[in-house]
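Participant: These are the residues of each chain, in order.
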Amino acid sequence: MPSPPSHPAQPPRRRSAAQPAAPSGSPAVDSDPNPQPALPAVRWRWLLSGLILWQLWAVLGEPVEFMTRVPMSTSGSPFGEAFNRPVSPYSELTYLNHGYAFFAPDPGPSHLIEVRIAGEGDAPPQLETFPDLQRQWPRLLYHRHFMLTEFLHNVHTAPLPAELAEVDDAEARAWRASRRQYEAIRDSFRRHIAARRNVDVQRVTIARIEHRAPFVPEYLLDRVRLHDPRLYRELPDDLGPMPSPAPGPGPAPGPGPAFGPGPAFGAPPSPEVVPAGPMPGLGGRPADREPAR
Amino acid sequence: MSRSQVVVEASVNWLRQWTGAWNAFWFLPRLPHTLAIMRIAVGAMLLYTHVVLATDLMSFVGPDAWMDPETIGELHRGGIVPQNADWGRSYLWHIDSPGLLWAHHALTMLVSAMVMVGFATRLSTPLAWGLQLMYMHRLTGALFGLDQIVTMLLMYLMLSRCGSVFAVDAWLRRRRPDWAATNWGRRLLPSAQPATANMIATRLIQLHLCTIYLFGGLWKARGESWWDGSALWFSAANLEYQSVDVTWFVARYPFLCSALSHVTVFWETFYCALVWPRLTRPLILLMAVMVHGGIALFLGMITFGTIMIVANLVFLSPCFVRRLVGRE
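So the sequence lines, in the order shown, correspond to chains A and B. Read in numbering that gives the first Met the number 0, the first sequence has 172 at position 173, and its numbers run on one by one without any break. Read in numbering that gives the first Met the number 0, the second sequence has 74 at position 75, and its numbers run on one by one without any break.
The hints are simulated quantities; they were obtained by calculation from the structure and are not laboratory data. Each hint should be verified, as a subset may be incorrect.
[Claimed, not checked] The following label-pair restraints were derived from C-beta to C-beta distances:
1) A/Glu127 to B/Asp244: 23 to 31 Å
2) B/Gln82 to A/Val200: 26 to 34 Å
3) B/Ala53 to A/Phe78: 42 to 50 Å
4) B/Ala20 to A/Arg42: 15 to 23 Å
5) B/Leu106 to A/Leu234: 36 to 44 Å
[What the hints assert, rightly or not] Take a look, some chain A residues computed to stay more than 10 Å from chain B by CB distance:
6) Phe82
7) Asp105
8) Asp168
9) Pro213
The beta-carbon is built from N, C-alpha and C at its ideal position, and this holds for glycine as well.
One chain only, chain B, in its complex shape (with noise of 0.2 Å):
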């Protein structure tokens, strides 16, 4: 065999392993179970948003809201800052009437309650998606972590057959199985079997929840304070944040403190490789829930820190969440 041949030979298998690779990491059928404790979690999140929404609406998506209709327009279609235009659209720029705007929320209010139950999941999770989306255009100003890791997590969770499980679907499934059996039962109600549409879901969940961490790690790296230790201390005395007063704490234990503030940046930048292996991944998913823990305690984003170990729970083997909740 020639030089060039053992070369070819090689370079054909390698790439023959980057194809399998390829194929295993995205496409082998995954069960959905992990993903339906998630659609409940996500569900539960998002009504909880639209109802504390609910309890100021007009300020918010009101013709004399904080952030007016005609400025959200204008800011989004570069009226003002031709170079600040983006693709945001929302038709509530369009709505004025509070009857029609009511109805919309209560419809929103009612789909992603659909959601979080697992009714009629195969349309009811695009559609609070859209939903959700036409109010993140129209909230320019007023959000934060919270929307954009919810969001996401319902793009994603649309794609997959998480209402399979621990839904008001599967119930139906069982209960009509005559139904379930016809071209529409199986696209509306489909089992909870392995399906490739639940792993590609989870794998861009995971890849996207390593984008956040890297980045969010990267951007930490460009601080001082997180490099002399001091940001624990700068986040814990931010008095608008604070919900729980540990200044006392983190000023008298610098060395604690500090330790801790490398600790979350290394946590951070590294999360992407060090969540994959076995060995590390559980440490990694611990680090996590004390992490976005803490942020919920004490920092006065209980929602932000819940749903980031909400996020994180893509992680988690749907083997193991079925021998878990041991059910279904």
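Bound conformation, chain A alone (with noise of 0.2 Å):
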């Protein structure tokens, strides 16, 4: 951007007794030392003022909007929402829409994907992981690789349970929307692979694998390694069948004691129960997730 031009009717404004001292951050300092640098002309700084709240007003509007919305929910407080809608469309268009929570709410498990490609007749069929380090080489494209899996992961919708296949709110039809972006992504990841392989789609299919790190105690007593085939599971398409209501009233059963002492450094939540998946929070929130963009 040009530095603007002064008013042309009247002298460059010069910074002067009138005009406060540089707080500290120091323009006074980190500028040359011109003792009376000129400021752009009234007009010009109305206009610049203006663009940059404006600018700055879209650089929060997306944290905002993520940071107030509600776990478990796809919505935002309605704050936050009408906060960030006037500007969203100049943030999505620049790519300034993030929610930059790095390594946050937790550190979680990494999710990955096994393509299986069916072999012909008798044969086995071919397994690849993504990502892979062997393979996928810089260290960059190696991670975009990883983001794709991760992506595919953030973006999984299981298949609407059969025992409300019949309703049609908008609640489930929204399940069915989310379902088919779903899908809509794995199939192109499948078409991806049956092209660079020059196999028949119909052959590939996608599992989603999570990898979780172990806990410390598993680590140091029962010298758990970070590869270890106990820490990968594949996890499941659909939600399984729905859970059967309580025989009858009082709290659900627990995963440990209610009192007690807590978990020690990087263990389990209960140290009774190492659970299969990843720690509460650590991936079971789905709206906490950055967007995937």
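Assembly of the complex is requested from the two constituent chains, each provided in isolation within its own frame, with the hints serving as guidance.
Facilitator: Structure follows, in structure tokens:
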């Protein structure tokens, strides 16, 4: 941006005693030691101030809406949504629409994919895991593949359970649409693999694999290392059978004792139970994840 | 003087102070040296990302890419889930020809190199930003923090005179003083004198960075492992991120590692306040180098860690940079 010219009809505005000294942070020191730097003309300052405020609004809009989003929900607080709505077209177009939830709210497990290409006849299927540090190099290329597999996991929505197949309210329609979105992305992945391997796309299936980190006690006491097969599990595509109603009143059984010593550093929530999946909050809250962009 | 007059006068003085502080904060001319160093680093990172993309270009932008053009377009237009529609658009959705995609990518790498060396910067930097946006909206799903920060920095650098020093443009200006004095010359090869444009770009980067850290810290505060101190363990023990295995250390020194988890949250959340006073700024920036250096070295994201350190350079005074570099 060119530095705006001063107003032609008047001499350049100079910093003077009437103008306050620069705040700490230091324009007066960071600028050239020119004793009287010129400011842009007033009309330029008004215009630039408006543009600056717009930009700052756009920078803040998405993180505010994302931060105020209710956990387990796709909608934000009424203020958060209203705050972002006017600037979201601009921030989306200029790729400013991020939530900045790096390694947050908790560092979670990784999500990989295993591509399975059915063999001809009795031949065993070919298996390929993405990302793969041995085959995707340099590291940035590996990381792009890693982000794709995380993206597929983030958009995963299970099929609507059979018990709800007849339901056609707004929530069910939204569920079906989310499922169609997941299938569209998954099928795009399948077509890519099929094209690269020169095979029929019907032979390509994709399984989502979750790889969690060992808990510290597992690592120290049981010597479970990061690549231990027990840390990997294939994620189901559907929700499984709907839970039957509880037989009687009373709280659901918890994972461990209600009282007693808390978990040690890096230990699972209850020392008696090592969950097969991630810790609570490590991937079980889809609305908390950064929008996949 | 009546009480109402006292109140009015105090209010006017207060408003005047606000206006003066606003003008000083945004509009005092500033030297371009810090931004010029950042331009070199951002241009180099941009070039590197596009070179890496070129090693498997068709898998990411081709007609049979992981995310093919039709799927990407439907996602952004809300064709499948209407409430997911956004304004991200890219002409790359409509290019199927590998030859054309390669030509476009070669142009993008060339423009990135021009940004890096500071050649025709007043044109190449906006062009690089525009091209970058087209890739960002084409590579949906494959992007991460690196892309967010590079795009953000490019956006603000293009507003500034970052090519007026440490650049081919600066060399051309010295070689062709007659042409540099013409109208076009002044626009395309601006001098390295203090300029308001440099101040505005600097302030926008600084405030954007404060926003990033504030929300990064707030998000971490919503988690559990950043409070019980195990976040560092679960970060270091993530095999897919890991580039150097430090689990043996993290697991054996829970006191130290939980303290680092807490310090990280504190630092991120309060960065937006503590980076401004001269007394705390060096400590905050040192912490930034340590945190992002750690991410770069141990968590397999050397590009992201590096670009975050580059972004933090914006808090260095251009006079300091000029003295440090000792040239121009």
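Participant: Indicate whether the distance between the beta carbons of B/Leu106 and A/Leu234 respects the range 36 to 44 Å.
Facilitator: holds, 41 Å
Participant: Does A/Pro213 really sit off the interface, with its C-beta more than 10 Å from all C-beta atoms of chain B?
Facilitator: violated, 6 Å
Participant: Does A/Asp168 sit more than 10 Å from chain B, CB to CB?
Facilitator: Holds, because the least Cβ-Cβ distance between A/Asp168 and chain B comes to about 16 Å, which exceeds 10 Å.
Participant: With respect to the beta-carbon atoms only, verify the hint that B/Ala20 and A/Arg42 lie 15 to 23 Å apart.
Facilitator: Hint holds: Cβ distance 20 Å, inside 15 to 23 Å.
Participant: Return holds or violated for the Cβ distance of B/Gln82 and A/Val200 against the range 26 to 34 Å.
Facilitator: With a Cβ separation near 29 Å, B/Gln82 and A/Val200 satisfy 26 to 34 Å, so the hint holds.
Participant: Lying within 42 to 50 Å: is that true of the beta-carbon distance B/Ala53 to A/Phe78?
Facilitator: holds, 44 Å
Participant: Should the label of A/Phe82 as a non-interface residue stand, given a Cβ cut-off of 10 Å to chain B?
Facilitator: Holds, because the least Cβ-Cβ distance between A/Phe82 and chain B comes to about 14 Å, which exceeds 10 Å.
Participant: Hey, does A/Asp105 actually stay past 10 Å from chain B on C-beta?
Facilitator: Check fails; 4 Å does not lie beyond 10 Å.
Participant: Taking 23 to 31 Å as the stated bounds, is the beta-carbon spacing between A/Glu127 and B/Asp244 within them?
Facilitator: Holds: the Cβ-Cβ distance is about 25 Å, inside 23 to 31 Å.
Consistency with the previously given hints fails for numbers 7, 9, ordered from lowest to highest.
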